[in-house]
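J.: Let chain A serve as the given structure and place chain B with the ligands on it in line with the hints.
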Amino acid sequence: MKKFAKQVIFYSALLGIWTVLAKLRIWPPYLFPPPWGVGHALWDGFADHSFWIGIAVTMKRMLIGYSLSVVLGMILGLAVSSNKFLEETLGGLLVSLQSLPSICWIPLAVLWFGLTEKAILFVVLMGSLLSVTIAMEDGRKQMPKIYGMAGRNLGASGFRLFWSVLLPASLPFIVNGMKQGWAFAWRSLIQAEMIFLGLGLGQLLMMGRDLSDMSQVIAVMILIVILGYMVDGLIFRTMERRLQEKYGLTPA
Amino acid sequence: MSANPQNAYPSAVPVGRRTGVRANVFQGKPASSVTTFPSHPIAEVVVPKVALDAISLSYKATSGERLLALDNISLEVKPGEFLCIVGPSGCGKSTLLHLIAGLNPQTSGKVLVDGAPVSGPGTDRILIFQELGLFPWLTVGGNVEFGMKMKNVGKAEREERVQYYLRLVHLSKFRDSYIHQLSGGMRQRVALARALATDPDVLLMDEPFAALDAQTRDLLHDELERLWSETGRTIIFVTHNVREAVRLGDRVVLMTFRPGRVKQEFSVNLPRPRQMEQADVARTAGDVLDCLRDEINKSLEAEYADEKIR
Ligand SMILES: Nc1ncnc2c1ncn2[C@@H]1O[C@H](COP(=O)(O)OP(=O)(O)O)[C@@H](O)[C@H]1O
Ligand SMILES: [Mg+2]
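So the sequence lines, in the order shown, correspond to chains A and B. Be aware that the first sequence starts at 1, since it is given in the numbering used here, and climbs by one per residue. Be aware that the second sequence starts at 1, since it is given in the numbering used here, and climbs by one per residue.
Bear in mind the hints are in silico, worked out from the structure with no lab data behind them. Source: prediction; values computed, not measured. Some clues are possibly wrong.
[Claimed, not checked] Derived DSS-like pairs: lysine-lysine, alpha-carbon spacing no greater than 30 Å straight-line:
hint, chain 1, residue 1, chain 2, residue 2
1, A, Lys60, A, Lys179
2, A, Lys141, B, Lys151
3, A, Lys141, B, Lys60
4, B, Lys149, A, Lys141
5, A, Lys6, A, Lys179
6, B, Lys151, A, Lys145
7, A, Lys246, B, Lys149
8, A, Lys2, A, Lys246
9, A, Lys118, A, Lys179
10, B, Lys173, A, Lys246
11, A, Lys60, A, Lys118
12, B, Lys151, A, Lys246
13, A, Lys145, A, Lys179
14, B, Lys149, A, Lys145
15, A, Lys6, A, Lys23
16, A, Lys246, A, Lys179
17, A, Lys84, B, Lys60
18, A, Lys3, A, Lys246
19, A, Lys179, A, Lys84
20, B, Lys151, B, Lys173
21, A, Lys246, B, Lys155
22, A, Lys145, B, Lys110
23, B, Lys60, A, Lys145
24, B, Lys298, B, Lys110
25, A, Lys84, B, Lys110
So here's chain A without its partners, still in its complex pose (with noise of 0.2 Å):
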């Protein structure tokens, strides 16, 4: 509780100082928009209904990016850390992959694609697909060797053995790493749907640029923020915390 009205006050001081700066007309209000203008832009977009298309459109696209990106994810992690030769191999050639920023793939994707919601879902999907990757591959190897031999002693073995074993087991390991996973494919769908202005939130990012409205490109800003914010802190911290729980990962 201290630690939300430190919160309260800091972030009460902020829109005062903001609201101050306003008031001082430095810089004019078509460039630096006050709190209340900032509000209004989000009450119209919310009202005419473009800022709920607009979430729905990324949303749909972050869960079918992101899903693939784990399926695939998951299989070529798997394959890497299960083979030597793959993981002296394609698993260097992952980690130095991880260098390019998502943004680069955006050309390949249009000349692939074209202008095309494929070509947004393949940017999204090689933003996260590698740290999905990695992330399964470091979890089968800090996952403690027991379970697997638990159940191949219990008489698993094959898919089963992965399905309903190793899997579950390696999950408090691999969660970081879709967390991060889902990080860098909110940012590469953002960056995504400013260029390619398919709907989503970034193209209203770029509509408020194009009527120089200031007021809305904050206002998506904080949307972006927030939306970023809810997945990462409250549904994937939340199941990192109650799976270490219940894996007897921390003194609970």
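T.: Here is chain B with the ligands on its own, set in the frame of chain A:
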């Protein structure tokens, strides 16, 4: 439900034919109503349930050299026998059980079950790990059910057997709890139920009661002894507690420290059921302990030596 009548052989094979000196120290009369085996030999040869034939195993140590963990171990376990293995920590007891369970390939030698060599895990031999290895993502019921699922046992039968085994270990009320919600003794019992539910011929137990308080341990000793005498299963029980070994075993095998070898075997012919505190159990344990002392000292010295290096 899980009685294996073919396991209830009258035993005959004298112990320790191959290795070690047989020290038949104790002549207490067995209570034949509980014990499956009369202590006097009958001239009939029985195929051992589990036989180790000149097993050696070496690990690659971190320094690169090889550590000989098990050295030329030969051992026969009769069907329905309760065999205890004792030795100081680090002498290779866990390694030996993993090997019998087929989780760890030996460097040389053979493991035979019912006279046939085995080379991988099999649900006829279930190991209760020293660390238990219960699955935290499953409930108690889910853990007990796991092995049966892997054997494709039908849903109705699984249900029935989960109920049966949870009742057996007095955990019916905790069927839907998760492992992290249970106490140490309860977890131990879940592991026991999970192992029994797959209906193995051979139960391998790795220091299962080491971390429990004396009261819980005594209770589980009684339950295990009852279970064993009712079902006629073969049990190989590893412990570093000599008194526990004498309390439970038909036979106690002593292991040496680095490399792990069979040092000596003792038949325990005290009547069942026994108690840890019983005078004759204590006396027997004392004799075993005398024989083990050198190995314990070696183990301690090695530990201190390891410490100095660090
Ligand atoms: N996976 C492993 N790799 C290398 N050395 C091991 C491994 N497992 C066990 N050891 C070593 O083998 C010896 C026997 O270990 P273990 O079977 O666990 O002994 P115990 O169960 O009797 O305490 C010990 O010295 C231990 O350090
Ligand atoms: Mg051990």
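J.: The structure should be examined with respect to each hint, and the outcome stated for every one.
T.: Hints and how they fare:
1. For the proposed pair A/Lys60 and A/Lys179, the alpha carbon gap of about 18 Å is at most 30 Å, so the pair holds.
2. Taken as a hint, the A/Lys141 and B/Lys151 pair is honoured in the structure, with Cα atoms around 28 Å apart against an allowance of 30 Å.
3. The suggested pairing of A/Lys141 with B/Lys60 holds, with an alpha-carbon distance near 19 Å, which does not exceed 30 Å.
4. Taking the CA atoms of B/Lys149 and A/Lys141, the gap is about 26 Å. The hint holds against a cut of 30 Å.
5. Annotation: proposed proximity of A/Lys6 to A/Lys179 holds, straight-line Cα distance about 27 Å (limit 30 Å).
6. With a C-alpha separation of about 22 Å, the suggested pairing of B/Lys151 with A/Lys145 holds against the 30 Å cut-off.
7. This hinted pair checks out: A/Lys246 and B/Lys149 have alpha carbons roughly 23 Å apart, not beyond 30 Å.
8. For the proposed pair A/Lys2 and A/Lys246, the alpha carbon gap of about 28 Å is at most 30 Å, so the pair holds.
9. Taken as a hint, the A/Lys118 and A/Lys179 pair is honoured in the structure, with Cα atoms around 23 Å apart against an allowance of 30 Å.
10. Straight-line distance between C-alpha atoms of B/Lys173 and A/Lys246 comes to about 19 Å, which keeps the hinted pair within the 30 Å bound.
11. Using a Cα cut-off of 30 Å, the hinted pair A/Lys60 and A/Lys118 holds, with the two alpha carbons roughly 13 Å apart.
12. Distance check on the hinted pair: B/Lys151 and A/Lys246 sit about 27 Å apart at the alpha-carbon level, within 30 Å; holds.
13. Distance hint between A/Lys145 and A/Lys179 is fulfilled; the C-alpha atoms sit about 24 Å from each other, no more than 30 Å.
14. Taken as a hint, the B/Lys149 and A/Lys145 pair is honoured in the structure, with Cα atoms around 21 Å apart against an allowance of 30 Å.
15. A C-alpha spacing of about 26 Å is found between A/Lys6 and A/Lys23, which places the hinted pair at or below 30 Å, so the restraint holds.
16. At most 30 Å may separate the alpha-carbon atoms for a hinted pair to count; A/Lys246 and A/Lys179 meet this at roughly 19 Å.
17. Of the pairs offered as hints, the one joining A/Lys84 and B/Lys60 holds, with about 18 Å between alpha carbons and a cut-off of 30 Å not exceeded.
18. Under the criterion of a C-alpha separation no larger than 30 Å, the hint pairing A/Lys3 with A/Lys246 is consistent with the structure, at around 26 Å.
19. For the hint pairing A/Lys179 with A/Lys84, the CA-to-CA distance comes to about 27 Å; that is within 30 Å, so the pair holds.
20. Between B/Lys151 and B/Lys173 the CA atoms are separated by roughly 26 Å; this keeps the pair inside 30 Å, and the hint holds.
21. Under the criterion of a C-alpha separation no larger than 30 Å, the hint pairing A/Lys246 with B/Lys155 is consistent with the structure, at around 27 Å.
22. Using a Cα cut-off of 30 Å, the hinted pair A/Lys145 and B/Lys110 holds, with the two alpha carbons roughly 25 Å apart.
23. Our distance criterion of 30 Å between C-alpha atoms is met by B/Lys60 and A/Lys145, whose separation comes to about 17 Å.
24. Proposed proximity of B/Lys298 and B/Lys110 is supported: the alpha carbons are some 28 Å apart, at most 30 Å.
25. At most 30 Å may separate the alpha-carbon atoms for a hinted pair to count; A/Lys84 and B/Lys110 meet this at roughly 29 Å.
Checked against the numbered hints given earlier, this structure breaks none of them.
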